[in-house]
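Chemist: Go by the hints and put chain L onto chain Z.
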Amino acid sequence: MTTNPESGGLDTVRDHVIGEIVRFADALRTEGAAVPPTASSTAARAVAELPDPDETAVRAALRTALVSQRSDLDAFERLFPAFWARLTGDGSDEPSAADSTAQPFAVPQSGEPDRDAGGGSPESPEPLERAASTQSSAAESSATADGDDESNSERDEGRVFRALSTRTGRSEPVAVDDVTLPEADVREPLERIGRALGRKRSRRFEDAPAGAALNVRRTLRRSFGTGGTVLEFERRSYDRTAVNAVVLVDVSRSVLDSIDRGFLLGVLQRMHADWRSVRIFFFDTSLREVTAQFDEPTSDRAIAALERAETEWGGGTRIGDAISTLRTDYPAAVDRETAVLVISDGLEVGKLDRLERGMTWLSTRAASVLWLNPLATDAEYEPTCRGLATASPFIDGLFGFSRSDDLEEIARQLTLRGVHGRIGHEYTVGAGVP
Amino acid sequence: MSETTATPFETFTESDLRRLFDRQEYVAEDDIVIPVLLALRLGKPLLIEGDPGSGKTELGKVLAAGLETELVRLQCYEGLAAENTLYEWNYTKQLLSVQAGERGVTDDGSVFDEEYLLERPLLRALSGDRDRPAVLLIDEVDRADQEFEALLLEFLSDFQVTVPELGTVEASVPPIVLLTSNRTRGLSDALKRRCLYLHVEPPSFEKEREIVRRKAPELDGPTAAEICGVVQRLREEPLLKQPGIAETLDWSRALLALRSGTDDDSAATDDGDPDTALSPQLIDRTLSCLLKEVEDVSRIDDDLLETLARAASDARERAEAQ
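Chains Z and L, in that order, are what the protein sequence lines are.
Residue numbers for the first sequence follow our numbering, beginning at 40 and rising by one.
Residue numbers for the second sequence follow our numbering, beginning at 31 and rising by one.
Be careful, since some hints might not be right.
In silico DSSO-like cross-links for lysine-lysine, where the CA-CA straight-line distance does not exceed 27 Å [stated by the list, open to error]:
no. : chain 1 : residue 1 : chain 2 : residue 2
1   : L       : LYS237    : L       : LYS322
2   : L       : LYS245    : Z       : LYS390
3   : L       : LYS322    : Z       : LYS390
Label pairs and their calculated CB-CB ranges [as the list claims (entries may be wrong)]:
no. : chain 1 : residue 1 : chain 2 : residue 2 : range
4   : Z       : ARG243    : L       : ASP219    : 49 to 57 Å
5   : Z       : ASP278    : L       : LEU148    : 21 to 29 Å
6   : L       : ASP188    : Z       : THR268    : 21 to 29 Å
7   : Z       : PHE272    : L       : GLU55     : 45 to 53 Å
8   : L       : ASP188    : Z       : VAL255    : 26 to 34 Å
9   : Z       : SER262    : L       : LEU148    : 20 to 28 Å
10  : Z       : ARG456    : L       : LEU270    : 25 to 33 Å
11  : Z       : ALA121    : L       : GLU59     : 23 to 31 Å
12  : L       : PRO247    : Z       : ALA121    : 22 to 30 Å
Worth flagging that the hints you see were computed from the coordinates, not collected in a lab.
Here a beta-carbon is modelled for each residue, glycine too, at the ideal position from N, C-alpha and C.
So here's chain Z without its partners, still in its complex pose (with noise of 0.2 Å):
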């Protein structure tokens, strides 16, 4: 190994980039990136660490320290072409940090302030956190003021969802007033229901052969047989019924006209106070979650939260697109832990290719998948529509889905024969087959 005398730690950034940093990590976050508290710290210490900081070194140090997820690259690279430039003084409107040198990364000479800034010392990055935030904002007030405010109508977008287009409705805003909750107690079935599907390490012991944790009491037990002797040691792990979910529900006209509002809200609100990890998102011509909306300890309350989030409903039904954007913009949501619930009449309207590669991601990455249709309560339904016949194939279980009798069904049929089992709308008792 040789020595470097180029790099000389922390003390070698000059305070504007450190601040720079800083600003870029604060325009990350803004777009919505996962950059942890500490990261602005631990970037201007490997940019400190780097024997030549050109833009490719400083890009590849930069992405290492702040972004933690794979979807907050595109961020930083629409982002970094505009923090080199402020850096380094290139193509910029704005007066650069760097523009008194062309070495960006030089020390400051002895005695010499750094003008450019925003206070603190470079081994405290924290004040300038703050510094540069409001650096940051006011930038940001200065680029709305210059019109250039496409990326603050985009969060605001981004808080009012809106269907694109549709062809069965036009969406519109969930209101209270549209909703009634109905009496049926949903609860018990969907206990069982939660239990079936379950993969989940809960927090009870079951005994196993072949367990991590040895178990103890059986094993002197069973040593009484042998005079005390232990032969054989006992073993036991973790059950495995708690349930991470995620609920894909269809909120198309086509739906909202054949099952109940109430209804539908209500089991998804229970679903996500008794489950261990429940994520449900909407669905018709684009997807957005709500969970953080069924985190209100009541249906009524839940509705109420749907309705302040402007969360809106009624549109076209394009399933394909909707399992497209969850794998792209929620990568991490569903693993082969997780059961995923479509709620849908399967009216699709989009394209069946893109349905039948999303299905497929979803059957090979999902620990299961069940469809809830209301349509499939009536005993002469058939899953022939384009939608459903595309989508058939990668399911484990077609059910129907309108009343909380139809809970008790697919409970009764998962408690019975396990969610790989024979199950489905057409084994419903009354339809033909016991």
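Modeler: Only chain L this time, still in chain Z's reference frame:
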């Protein structure tokens, strides 16, 4: 982890690292060299994400071999528990020792001694007399449960393990920690906060050709270019499982094996064109090396085979023109 963690790589330079990779025949561009260099110099764990087969695990092996230090590998899986990763007591040995003591055969003291301790990978990475840090490869951390992640947080923060009966085992030289993930589930923010991050992108054509050239030196340049041309074109298809570098190398070796079984004298046709060029039929016969999902295989029709063969031909022409 403390921000001032001492690291023996404070003077390790980029050129040192590039030489190390070169010696190990590992093709690494800036997007890999810089993060690894920073992980070494800052003494922080490096979380490596990327599609299966993109060379994440290989990076750990290469580092260990290049630094001439021990590679401690922990393969994560569902249900992985602390006992499997830190230490276990050798119950059987303890039991026999106690019984021997009762019969007066031995006069041992405590059975909670290092003699009865079974080291598992995390403890192994800390213990032992080393002048160089071990490379700890925590492979596919996303396969483990979230409870294991919580255990890792403590380990990565302090690089020490407490065995209640013995005391604290602290690393004299903290290990170089690499964590790999295929993104089958999201990792906790707490874990990500402790790590530097590297996303391994699918390789460019040039990089992949260089990898094939180094790992399968028996292949001539134009054929290596053909192989990479096909794989690059295949990655443009919406496949369930994109072929990674590992698949490219498998395919290269498979083609080599096929050719070694044919008559070398017939390697060129009368018009001088090599008959070793990738034909649609040959691609079709050997696609199993690249595609691992039945849906992906069924996607390959005659048109796509022709397209792949054209991509191979184009890549060969480009290589020959250089």
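Chemist: Evaluate each hint against the coordinates.
Modeler: Status of each hint after checking the structure:
no., hint, in the structure
1, L:LYS237 / L:LYS322, "holds (23 Å)"
2, L:LYS245 / Z:LYS390, "violated (42 Å)"
3, L:LYS322 / Z:LYS390, "holds (26 Å)"
4, Z:ARG243 / L:ASP219: 49 to 57 Å, "violated (28 Å)"
5, Z:ASP278 / L:LEU148: 21 to 29 Å, "holds (27 Å)"
6, L:ASP188 / Z:THR268: 21 to 29 Å, "violated (40 Å)"
7, Z:PHE272 / L:GLU55: 45 to 53 Å, "holds (46 Å)"
8, L:ASP188 / Z:VAL255: 26 to 34 Å, "holds (30 Å)"
9, Z:SER262 / L:LEU148: 20 to 28 Å, "holds (22 Å)"
10, Z:ARG456 / L:LEU270: 25 to 33 Å, "holds (28 Å)"
11, Z:ALA121 / L:GLU59: 23 to 31 Å, "holds (24 Å)"
12, L:PRO247 / Z:ALA121: 22 to 30 Å, "violated (44 Å)"
Violated hints, listed in ascending order, are 2, 4, 6 and 12; each of the other numbered hints is respected by the structure.
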